[in-house]
Amino acid sequence: MLIDWFTVIAQLINFLILVWLLKRFLYQPILRAMDERQKHITEQLEQADAQKARAEAEESHFQQMSSELAEQRETLIQKARAEAEAERRRLMEAAREDHRQLRLRLRQTLESERANLNQDIIRRFQGEAFGLARKVLADLADSTLEEQMAAVFVRRLEGLPDVERKRLAAALQESNHSLLVRSSFPLSPEQQKNIETAVKRVLAPGGQVAFKTLSGPAEGGQAGGIELTTDGYKLAWSATDYLDTLEKRVAAILEEEMDKAY
Amino acid sequence: MSLSTDDIIFWEYGFVKLNATIVLTWGIMFVMAVGARLITRHLSSGIHISRWQNMLEAIVSGILQQIKEIGVQKPEKYISFIGTLFLFIAFAALCTIIPGYEPPTGSLSTTAALALSVFVAVPLFGIGEKGLGGYLKSYLEPTFIMLPFNIISEITRTLALAIRLFGNMMSGAMILSILLVISPFIFPVLMILLGLLVGMVQAYIFGILATVFVAAATQAGGH
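Chains as they are written, first to last, in my numbering: chain A, 1 to 262; chain B, 1 to 223.
Simulated from the structure, these hints should not be mistaken for lab results.
Where hints are given, some of them may not hold.
To be verified - Calculated lysine-lysine pairs in the DSSO-like style (CA-CA distance at most 30 Å, straight line):
1. B:K17 with B:K74
2. B:K137 with B:K74
3. A:K135 with A:K166
4. A:K234 with A:K248
5. B:K17 with A:K39
6. A:K200 with A:K212
7. B:K17 with B:K77
8. A:K23 with A:K39
9. A:K135 with A:K52
10. A:K200 with A:K248
11. A:K39 with B:K68
12. B:K130 with B:K68
13. A:K23 with B:K130
14. B:K77 with B:K137
15. B:K77 with A:K23
16. A:K200 with A:K166
17. A:K39 with B:K77
18. A:K212 with A:K135
19. A:K260 with A:K234
20. A:K23 with B:K74
21. A:K23 with B:K68
22. A:K52 with A:K39
23. B:K74 with A:K39
24. A:K248 with A:K135
Claimed, not checked - A short, non-exhaustive set of chain B residues, derived as facing chain A with CB atoms under 7 Å:
25. I8
26. E12
27. A20
28. A36
29. R37
30. T156
31. Y204
Cβ atoms here follow ideal geometry from the backbone N, Cα and C, with glycine treated the same way.
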C-alpha cells in the first residue's frame, strides 16, 4: 500500500509543527531584523538628508554673509577714499587760501609802503621844488617865490573873465562883503595890500578882506599857494596842480618798479 | 528492497506506528528548528551581520521576493506556510548527500500530507482574506455551471501536487537503488547529483504551485 494514512496524519501534524517552529525561530526574527535594519537605514538617510539640507542652508548663509562683508568692505574703502580725497581738496584749498591771504597782506603792506614812500618823495620833492624855484627866482628876478605867488594870484584875479567876476561879486554880496584869503605862507603887508587893492578894484570897492596863514597840508591848506573864499565861492592858485602831476608820474614809476619786483 | 521509507517500521502498536518517514521528518525538523534558533538567537539589525544570518536573510528575502512576484498581496502573511513547504522539501532533498539517507518526501504519505495541507490551507487563506461568502462565491464564477468543475479542479490539483512530488522524489531514490545494483560506484554519484537538482526543482515547483493557488484564492477577483 503506497499511502499509509497514519503516516499521512503524522506528517501533516509534523508539517504544521514545523511551520510553527520556523515561523517562531526563522521568519519572524529574520523579517524583524530586516525591517529594523531597513528602518535604521531610512532613518540614517533621513538624518543625512536633514544634515545635508542644514549644511547647505548654512553654506548659503555663510556665502551670503561673506558677500555682504566683501560689499561692506568695498563700500568702506570707497568711503574712506572719498573722504581722503575731500580732505586733500580741503587742505589744498586751505593752503591756497592761506597763500592768497599772505599775498594779499604782502601786497597791502607793499601798497602802504609805496604810498608812504610816495608821500615822502612828494614832500621832499615839494620842498626841493620850492627851494629850487625860490633860489631861481631870487637869482634871476630878484624876487621871492612867495612874492611871485602873490603877484600871480593878483594877475589871475584881475584877469578873471566877466562871468566869473560877476558870480564872485554876487557871492561877495551875499556874505556882507567879507572875504577870506588863505595862504600857505605868511603874506607881507605889501602883498596883503596888493591883494586887497586888486579885490576892491575888481570885485567890490567896499569889500573887507581878512588874511590867514595855514601851517601846512595837515590843516587842509595849499601845498604852496593862495586861495580866496567867500560864501560859496572860491578862487585859488596853487602849486598843487604841478605837484599832482609830479605825484602821478612818481607813482607810475614806483608801480612799474614794483611790478618788476613781483 | 523497499520502495518507501514507510515500510521501514521501528515500532508498531495497532494503528499507531513509528516508521522511518516520521523519524526522518523529525530529524529534519529538529535540525532546521535548532539551526534557525541558533542563528536567530543573536540577530543584528545593524550593518555588520554574521554569515549565517546573511544566509538566512538571503533565503527569507528570496522566498519573499518570489511570493511577491507571483502576485500575492501580503507575502509576509503567507511566508510561514509557503516558505516552510519549500524549505522542508529542499532540505529533505539536500540531505540525500548523506549516505544511507532516504528522503521522507519520497514517501507518498508525506507528499499526500503536504498536498492535503495545501488543499486545506488554500481555502482557509481565501476565507481569511475575503470572508466565507466571498470565498464560496469564487466557486460560482464565471457562472454557477462552473461549480462542479471548480470543485473537481480543486481536488485534482491537490492530487496532482502530491503525485508530482512523490513521483519525482521516489523515482530519484528508486533509480539510484537500481543503478547501485547494476553499475559500478562512479555512476550513482552522478545520479545523486541529478537527484539533488531534481529535488531542488521539485521544491521550487511545489512552493510556486502552492503560491499560485494561494494567490488565486486570495486575490480580489478570485480568478
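Checked hints:
no., hint, verdict
1, B:K17 with B:K74, "violated, 40 Å"
2, B:K137 with B:K74, "holds, 22 Å"
3, A:K135 with A:K166, "violated, 38 Å"
4, A:K234 with A:K248, "holds, 25 Å"
5, B:K17 with A:K39, "violated, 50 Å"
6, A:K200 with A:K212, "holds, 18 Å"
7, B:K17 with B:K77, "violated, 35 Å"
8, A:K23 with A:K39, "holds, 22 Å"
9, A:K135 with A:K52, "violated, 121 Å"
10, A:K200 with A:K248, "violated, 38 Å"
11, A:K39 with B:K68, "holds, 20 Å"
12, B:K130 with B:K68, "holds, 19 Å"
13, A:K23 with B:K130, "holds, 23 Å"
14, B:K77 with B:K137, "holds, 23 Å"
15, B:K77 with A:K23, "holds, 11 Å"
16, A:K200 with A:K166, "holds, 13 Å"
17, A:K39 with B:K77, "holds, 20 Å"
18, A:K212 with A:K135, "holds, 25 Å"
19, A:K260 with A:K234, "violated, 43 Å"
20, A:K23 with B:K74, "holds, 16 Å"
21, A:K23 with B:K68, "holds, 18 Å"
22, A:K52 with A:K39, "holds, 19 Å"
23, B:K74 with A:K39, "holds, 19 Å"
24, A:K248 with A:K135, "holds, 25 Å"
25, I8, "violated, 11 Å"
26, E12, "violated, 10 Å"
27, A20, "violated, 10 Å"
28, A36, "holds, 4 Å"
29, R37, "holds, 4 Å"
30, T156, "violated, 17 Å"
31, Y204, "violated, 18 Å"
Figure legend: structure checked against the earlier numbered hints; hints not met, in rising order: 1, 3, 5, 7, 9, 10, 19, 25, 26, 27, 30, 31.
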